[in-house]
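**Q** In case you want the letters, here they are:
There are 2 protein chains.
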Amino acid sequence: MPKQVDHDARRDQVARVAADLVADHGLGALTVRRVAEAAGHSTTVVSHYFADRRDLVRATYRVAAARSSARFDAALVDADDPLQACLEALLPLDLERARDVRTWLAFWAMAVDDPELAAEQDARVQSARRRITDVLAGEQERGRVRSGTDLADVAYRLLVLVHGVGTHAEFDRGYWTPGRQRQAVADELAGLLVVRRATG
Amino acid sequence: MPKQVDHDARRDQVARVAADLVADHGLGALTVRRVAEAAGHSTTVVSHYFADRRDLVRATYRVAAARSSARFDAALVDADDPLQACLEALLPLDLERARDVRTWLAFWAMAVDDPELAAEQDARVQSARRRITDVLAGEQERGRVRSGTDLADVAYRLLVLVHGVGTHAEFDRGYWTPGRQRQAVADELAGLLVVRRATG
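Same order as they appear, the protein sequences are chains A and B. Going by our numbering, the residue at position 96 of the first sequence is 96; the numbering climbs one at a time, nothing skipped. If you count the second sequence from 1, you need to add 1000 to reach our numbering.
Calculated directly from the structure, the hints in this document are not laboratory data. All values reported here derive from a predicted model rather than from experimental measurement. Cβ atoms here follow ideal geometry from the backbone N, Cα and C, with glycine treated the same way. A couple of the hints might just be wrong.
[To be verified] Restraint-style ranges between C-beta atoms, simulated for each label pair:
#, chain 1, residue 1, chain 2, residue 2, range
1, B, Arg1033, A, Thr177, 43 to 49 Å
2, A, Asp80, B, Leu1076, 42 to 48 Å
3, B, Leu1076, A, Ala137, 25 to 31 Å
4, B, Asp1052, A, Glu37, 20 to 26 Å
5, B, Gly1179, A, Pro115, 22 to 28 Å
6, B, Ser1069, A, Thr177, 35 to 41 Å
7, A, Pro115, B, Thr1044, 31 to 37 Å
8, A, Glu37, B, Gly1179, 46 to 52 Å
If we strip away everything but chain A, and leave its shape as in the complex, we get (with noise of 0.2 Å):
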């Protein structure tokens, strides 16, 4: 048995391996052997830290959830419209974000069947509508945000569009450019809720 810190750093190497495995080759290839191929390990030290194929998904979910929050986090500091960067930041904008999709695509695929897996998927929705909330009401206190809006709601929406953008856009990104992708985040802004827009 390895050191704390050495356990969960190869827990976390093999969980990122798995995410990538996902995000190249999609769900089909997700088993014990090929990620424990992929990672330079045994199946047996695999099969030590994720308990079956479910837990290996759960895992790469984690991993695109933290890196997806990372992101957001860095896009609120020094924002001229936190608003604004802190969707785009949870939008496919690039290809290392476009693969933390197909990373969603598969989980909500299972978890849709998995009661334990759709409670996790909830929660972290709610986290993201929270932290949402929050910068929705930094930006009413400086004037941009409608008063009287139901901030909680308009969270919840903004995050159907970007899920929404983030699934079209796997199956179209020549439609679906970053361009396209930032002024469908801006139009859902100006006609949900925005008094005016920073400019910056």
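Given the coordinates of chain A, assemble chain B onto it according to the supplied hints.
**A** This is chain B only, laid out in the frame that chain A set:
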């Protein structure tokens, strides 16, 4: 070999049984053996119509897409507000339609790594987009949609909305009541493009 008419009818029956299996028990339940049991046929009969599991997944998607398409057309008959009506037809407002969402999610997860299925997914999306564009054009003629609006772009945004709501409603039906789903469509139409809405 049965007559053509029986052949088609039996294939359709097996596809519907497969779609029900996915809706009730998830993609994991979709095996030739379980479909055969549920359809009351031998696995040989099922294998005669569907080459493999991928072929079955595609068939379930087509069943759901055909149902969705029929609802879209039916919604337009005598509608006071055809735009709202046809978009509502694509939302999981009741449990029957919510079952179809599970089929989409299963199909998307497979299509993401399968160019032929991805092409079919894209073709369905573009077809739905054209049909929404046609409804938008009719509403523009009636003076209900701003002129100068790129209707095909707006149609894509509306599809993003209904698919985004459909996905989220799957995991949080408590929030996404039929009323909230309808309101999301109404707000999106008001925000994106509409001069005035019918009150009917």
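**Q** Taking the hints in turn, state whether each one holds.
**A** Outcome of the hint check:
| no. | hint | result |
| --- | --- | --- |
| 1 | Arg1033/B / Thr177/A: 43 to 49 Å | holds, 44 Å |
| 2 | Asp80/A / Leu1076/B: 42 to 48 Å | holds, 44 Å |
| 3 | Leu1076/B / Ala137/A: 25 to 31 Å | violated, 41 Å |
| 4 | Asp1052/B / Glu37/A: 20 to 26 Å | holds, 25 Å |
| 5 | Gly1179/B / Pro115/A: 22 to 28 Å | holds, 25 Å |
| 6 | Ser1069/B / Thr177/A: 35 to 41 Å | violated, 28 Å |
| 7 | Pro115/A / Thr1044/B: 31 to 37 Å | holds, 35 Å |
| 8 | Glu37/A / Gly1179/B: 46 to 52 Å | holds, 51 Å |
Of the numbered hints stated above, those contradicted by the structure are hints 3, 6, listed in ascending order.
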